[in-house]
Structures are given as C-alpha cells and as structure tokens.
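*Asks:* Model the full assembly from the supplied sequences, consistent with the hints where possible.
Just so you know, the sequences run in chain order X and B.
Counting in our numbering, the first sequence runs from 1 upward without gaps.
Counting in our numbering, the second sequence runs from 1 upward without gaps.
Keep in mind that the hints were calculated from the coordinates and are not lab data.
Some clues are possibly wrong.
Which chain B residues face chain X? A few, computed with CB under 7 Å, are given here [as the list claims (entries may be wrong)]:
1. I7
2. R9
3. L10
4. A18
5. W22
6. L25
7. L28
8. E36
9. N38
10. G63
11. S66
12. Q70
13. C73
So these bits of chain B aren't anywhere near chain X, every CB distance computed over 10 Å [claimed, not checked]:
14. D85
15. A175
16. T261
17. D407
Heads up, the beta-carbon is just placed ideally off N, CA and C, and yes, glycines get one too.
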Amino acid sequence: MAGRDARRGGPAVVAENSAAENSLASATGLRYTAVEPFTDTTMALIAALLPKELDRSALGAATASHSTAWARNWRDLDLLVKREPVSAAVVDLHAERGKDGVLRIYRFARRFPQTPILVLGELDGRALFRLGKAGAADVVVVQDASNQSLVEELIEGATVDHLAREIDERLSGVVGTEGRALVQSAAARVPEGVLVPELAAANGVSVSTLERRCEQWGLPTPGHLLLWLRIIYGLRWLLEPGRSVESVAHQLGYSSGAAYRRAIKVTLGGRPTPLRNKTGLERAIQSFVAACPGDPSTRQGD
Amino acid sequence: MARYDRIARLDCPQRSHAFPAWLALRDLAGRERDPELNRRTRLRFLVLRPVHRLLAHGFGSVGKRSMDQQLACVRAELARLAHADRERRALARCLDTMASLSYEELPADLIAAGAMIEAAGHTYGAEEYYLTALEVSRRLGLASARLMAARSLGRVYGARREWTAARERLEAAVADAEAQGDPDTLEETLRELVMVLIEAGDLEAADGAVAMIGQGDEPAADGNVDGVRAAALCAIALASGQVERALESGWRAIERLRPGTPSHSRVLLDLATGFRRHGLREAAEACYLMVTRAHPDLGLTSEARIQHALVAAEAGDRPAFQLRREELASAQREMDRHRAAAMHIALSRGAMLVGDLDGARAHLHQASEMAREEGLEDTAADVETLAPTLEERPKAEIPANNPQPSDAVRSIAARIESLSQDLVPSG
Chain X
1 MAGRDARRGG
11 PAVVAENSAA
21 ENSLASATGL
31 RYTAVEPFTD
41 TTMALIAALL
51 PKELDRSALG
61 AATASHSTAW
71 ARNWRDLDLL
81 VKREPVSAAV
91 VDLHAERGKD
101 GVLRIYRFAR
111 RFPQTPILVL
121 GELDGRALFR
131 LGKAGAADVV
141 VVQDASNQSL
151 VEELIEGATV
161 DHLAREIDER
171 LSGVVGTEGR
181 ALVQSAAARV
191 PEGVLVPELA
201 AANGVSVSTL
211 ERRCEQWGLP
221 TPGHLLLWLR
231 IIYGLRWLLE
241 PGRSVESVAH
251 QLGYSSGAAY
261 RRAIKVTLGG
271 RPTPLRNKTG
281 LERAIQSFVA
291 ACPGDPSTRQ
301 GD
Chain B
1 MARYDRIARL
11 DCPQRSHAFP
21 AWLALRDLAG
31 RERDPELNRR
41 TRLRFLVLRP
51 VHRLLAHGFG
61 SVGKRSMDQQ
71 LACVRAELAR
81 LAHADRERRA
91 LARCLDTMAS
101 LSYEELPADL
111 IAAGAMIEAA
121 GHTYGAEEYY
131 LTALEVSRRL
141 GLASARLMAA
151 RSLGRVYGAR
161 REWTAARERL
171 EAAVADAEAQ
181 GDPDTLEETL
191 RELVMVLIEA
201 GDLEAADGAV
211 AMIGQGDEPA
221 ADGNVDGVRA
231 AALCAIALAS
241 GQVERALESG
251 WRAIERLRPG
261 TPSHSRVLLD
271 LATGFRRHGL
281 REAAEACYLM
291 VTRAHPDLGL
301 TSEARIQHAL
311 VAAEAGDRPA
321 FQLRREELAS
331 AQREMDRHRA
341 AAMHIALSRG
351 AMLVGDLDGA
361 RAHLHQASEM
371 AREEGLEDTA
381 ADVETLAPTL
391 EERPKAEIPA
401 NNPQPSDAVR
411 SIAARIESLS
421 QDLVPSG
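*Replies:* In structure tokens, the structure reads:
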C-alpha cells in the first residue's frame, strides 16, 4: 500500500496522558501512543486511486487542507479504507485496464456505504448512468478536473462530517455554543486517535483549563468526552461491512477489538453489544447527550 | 469487463440517493447502447450540473471564474450537436442565463428545456429539469415559475401514470395559482388536476375540482372556462360509465376549446373512447386522426396512434391493424418506455383480436421485459392479466359495444366526422 502524504504539519510530540484519561485506559484497555498534532480542525484523510499524474496533481491542488493516501489498485483502495480513518475516496474510473470500474465502485459502495466515493475520468452517458446506480457519491468529468474550485467544492461536500453535525444538533439546547465548539473540535480529531493533551493544545489551553471548562460548559470530563466520541465514531464505522472491529479498534487507538468491545460495554452497558446496527449508534448518541450535565443557562434559554 | 452487466440489473436509485442531476440520465435505462441518447442525456446532465452547484453553494457564493470555466466546457460539448437542433438551443439558453447571472430567468429556461426533453418522450430527463426549476424558483422566491414547474411535474408524472405524485404536484400548483389570483392559470391547472383525479379513480375529488373551475367568473363570460369545465365533465362521465353524457359534454368542450391545443386533443381522445363503446368506429377513427395530425405533443399523438390501431383490431380489420402496427413499431424509438410498454400491451390485445397469436405473444413478451427493466407495476399487472387469456382463450372476444346509440350520440358522431374532414385532409 502506498503511504500517506506528509502534508500534516507540526512536529511529532509525545502525548502526556491526563489523570482522567489514564484511569479510563485501565478501564477500557485503551492503547496510548504518541500521535502528530493537527494543524487544521477540518483535515480529513482522502483515499485516492488516480494513476495519472495530472489527476494526482489536480487533486493535490484541490485538497491542500486535507491529507491524501494513495492506492495502487482497487484492492489496495479497499484495504486502505478498511485500515485508515478515510473520510472519502477519489478514483479514476479507468484506473485498472480491463476491469469494470463501475462494478468496482458498486462493490466499494456496498462495503463502505458511509464513505463517499468520487469518480473522475472520461465519463460518457452510459458510464454516468451506471455510476449513479452503483452508488458513486459524485463525479468529476475530465473537462472539469482542472477546475480547482469545483473540485474543492466536491471534496468538501464529500468530507462533511455528518455525524459531527448530528451530535451538534442533539446538543443544542443542552450545551452552549462554546461547549459545542469543543465537542466539534474533539470530533474532528477522534478519527486520528487524539488524546486529551492534544485536544487541549489544539484549543490553546492547558489540560487543567480544559477540564475546568468542560465542567463549566456542562460537558463530561475531556477524557470521557473523547471516550464517548470514540464509541460513537467507532459504531458509525462499524456500520460499514468492509470494516472489522479489529481495524476500527486499531484506528481509535485501542490495543485490540476485544478492548474496544469492552469499552462499548462499560460505557453503554446492556446486551447484546450494539455493534453494526443503526440502533446501537443511535443509542450511543442518546446516551452521550444524556451524559452531558448541560449548561443551565442554555437549558433555560431553550 | 464482466461477461454480463450486473449494474444493469440493479434498481435505479431515488433522486435523493444519487448524485446531483443523475435523474437526467435515467432515460438511458434499457437503452444504454443507444449512442444518440447517450450523447443527449450526458449533455442534459452536464447543463444541470452548474445549476446544482449554485443550489448547493448559494447563487452568490460560487466563484465567477470557476463557473465560467465550467460553463465553457459544457458549451464546447454542446457545440457538437447540430446548430439547428432545438434542444441544443434550449440548453444553450440555460448556460447563457447562468453566465449572465440573470438567475431569475433560469427556472423558465429550465422548464422550456424540460418541455423539449419531454416532447422527445424522455420523461426522467424532463422531470429532473422541472424539479431543478422548482428548486431554483423556491430558492429565489419566484412564485410564478414555481407554479409552472409544479404543473409541468404533474404532467410528466401523469404521463408515467404515477397518479399520487401527479396529484400532489397539481394540488400544490392549484394552491399557488389561487394565491396568485391568476384565473386563466387556475382554470388550466384545475383541469389538469381533474384529469389526474379521474385517472387515479377519485371521481368525488374530481367533481369537487370541476366545481372550482370558473368560480367567481360571470356565467359564460369566458368560453374557454366553459370549455375546460365541459372537458372535465366529459372525462368524469366517461370514467363513471355515463357514455352518452360524456359525449355530450365532450362535444360541448370541442366547440369551445381551440383546435390543436392539448386540451382539445385530450377531449378528442375521450370522445373516441365513448364512440368505441357505442360501436361507432368511423367517428372514433376521425378523433384519432385529428389528434395525430393536428397536435405535436408526442404523448397524445402516440396514445392516439395506439388506440387507432386497436380500434381496427376491434372491428376485425386485420389489414388495417397490421399496417398501423407497423407504423407504430417504427415510431417506438420516439416514445418513452412507459408509453412503449403500454403500446405493446395494446398491440398484444389487438393481435389477439385479429387472431395473430404469435404477434400477441411477441408484444406481450416485449411489454414484460420493459416492465421488468423499468419496474412498471401497471404494465406488469397488465401482462399478468393478459398472459392467461392468451394461452387459455386464443380467440378473444371483441369487447361488447352498445349496439343502439341514441340519436343524440349519432348526431355528435356525424358532427365529429364532418369536423375531421374540415380539419384534416383526407388520406
């Protein structure tokens, strides 16, 4: 598998775990490792299968604020999405000679229904018609590939975090604007396995200030906030048949699938463990909102 | 490449589940290898893409340079169509309007392009254009364009026999027309709604809609209002089995409506149905000929041609039926899939009536294939009904007619035949 672009800025730092997070680690088996800090809250990882250099540079120009992981072939693309927290995929329909690209896209869309796939290339009417049936999220006809603004818009549309918006909507009326902004900031970083010190740093405060503000804004402690978000995002990823519990657990920083299952059980409780269904995800979001003490002034305003 | 196309077997997605403007490509279903349709549907799709871009990001938010670049690419592709091509001109107008930033004109341009696509029998492409026009007019607060788009949608759903969707759109259009206080548009929209309600089998609601036609006008002040109301009454009476009353109302409508208009042609089709029920073949044929020769609307013309062939079969006139069947077969490419499927069902019935059982089976098979490919429930039900008849009762009975038409009916039939000679050159 080809590697990721090294466009993510900032030096690598070793994360310092907060006391709250360390206690959670022992309860949930969370594996704490150092990760690179983020420079942009909206950064998303895009998987791309674009054999032509021209297309690669066009995509590169349009996705400067995101990071890109390059796949060599269709199989590689599947593996990449399975193993990495990919937000969207961009592919050339004719990436592999002799293979029906539309059929590959159909299979991809079945395996990863939550991961939008954008298709680029020479697309005649029939190809466009079939792509719609196959589940492509959008298309870029070859004439538009050099239209940077247009491609940027399509990429932004594909990488919108609908789950983060859903959480934000549920929290409105419970938590104030500043608190919800913090949740959004944390949600944007969860796919990369963010830890409390990095979250604090990204928001320009110390860990202790972050903890104090969470209390003040009616949110769970930063450690618990991240735990809830890992559960919610993990359950969302697990709605995709192409992802395994092991791969999702790994992406979220857990030592094993079993550790992630335990974390879900400890946090949500009940049987059976609500994996791989929308009810489980819905229950997790509801439980998270219920676990937020809330900001009294916001509740009154509601 | 796979040896067989697995994608072709998949159901078409709903509009909300496909990428923007995809619906404009859906007319390709079952005709993916047709190069001309391939090219046209692609162009229709490409023209709509910048409109959807404006809808998604806001009319003032898309960069002018990027938009101009996108429009230039589409324009370059559009130039490959013949200069005299009417659809090309309609599509180019949409692009010009976007380039000049005069967005308030965009819904009307989209509706005009949609009407051209609809006239070619491509109902999904037309639907996408009308829906996009509706979205643009809503976004820009253009009430009159919104009404036009809703009416166009009602018409296109009606053509596909999607009565519930047609009714919803037309009811919304009626409410809009009332709010706008435009009596002419309200009458026309009500008439369209009445037709849909009749087809949907809700005669009570249709009666209610007819009662609304012309409300507030002076009695008989507007002959057209009276004509519209008479046309609606004709359709209702026909649907409820009161043939003589239908013919009387229909003739009254014919006298008041302008010849060559869709309303006039629809009444002629209803009259023809009434005449057939009385066994008055010549009068029915005269109605069909007037529609096929006087009206450019492909939907109405196709319907008239199909029924014209069937009426020959009902009379046991095998040579005339065969001739008309061949003419229809050559015109099939111009029809949308729904109408083509309906045509095969009708021709299967006709072939059965003249004793051509192989022909009947062939038509039924084609209808069945289209029903499967397109998910046409009405056609599938017709196939299921017709198939056992074909196998068990090879000599199907000619539908029973009323053998004793009244003097009034005979008089209307004679006047129609005379009108046909006035309007249509013989031959």
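*Asks:* Next, verify each hint and record whether it holds.
*Replies:* Hint by hint, here is what the structure shows:
Interface hint at I7 (chain B): satisfied, since its Cβ lies 5 Å from the closest Cβ of chain X, which is below the 7 Å cut-off. At a threshold of 7 Å, the smallest CB-CB gap from R9 (chain B) to chain X is about 9 Å, leaving the interface hint violated. Interface restraint check for L10 (chain B): the shortest CB-CB distance to chain X comes to about 5 Å, inside 7 Å, so the restraint holds. For A18 (chain B), the shortest C-beta to C-beta distance to chain X is roughly 4 Å, which falls under 7 Å, so the interface hint holds.
The interface hint given for W22 (chain B) holds, since its Cβ lies 4 Å from the closest Cβ of chain X, which is under the 7 Å cut-off. A distance limit of 7 Å between C-beta atoms decides the matter here; for L25 (chain B) the minimum to chain X is near 4 Å, and the interface restraint holds. Taking 7 Å as the C-beta contact cut-off toward chain X, the hint placing L28 (chain B) at the interface holds, the least distance being around 5 Å. A least Cβ separation of about 10 Å between E36 (chain B) and chain X goes past the 7 Å threshold, and the interface hint is therefore violated.
The beta carbon of N38 (chain B) is positioned within 7 Å of a beta carbon in chain X (closest approach about 4 Å), and the interface hint is therefore held. Contact between G63 (chain B) and chain X, as hinted, is supported at the beta carbon level, the nearest pair being about 5 Å apart and thus within 7 Å. The criterion of a C-beta within 7 Å of any C-beta in chain X is met by S66 (chain B), whose closest approach is roughly 4 Å, and the hint holds. Because the closest C-beta pair between Q70 (chain B) and chain X is about 6 Å apart, less than 7 Å, the hint holds.
Because the closest C-beta pair between C73 (chain B) and chain X is about 4 Å apart, less than 7 Å, the hint holds. For D85 (chain B), the non-interface assignment is confirmed: its Cβ lies about 16 Å from the closest Cβ of chain X, beyond the 10 Å cut-off. With a least beta-carbon separation of about 31 Å from chain X, A175 (chain B) lies farther than 10 Å from that chain, consistent with its non-interface assignment. Against chain X, the non-interface label of T261 (chain B) holds: every CB pair exceeds 10 Å, the least being about 34 Å.
Listed as a non-interface residue, D407 (chain B) keeps its Cβ farther than 10 Å from every Cβ of chain X; the least gap is roughly 57 Å.
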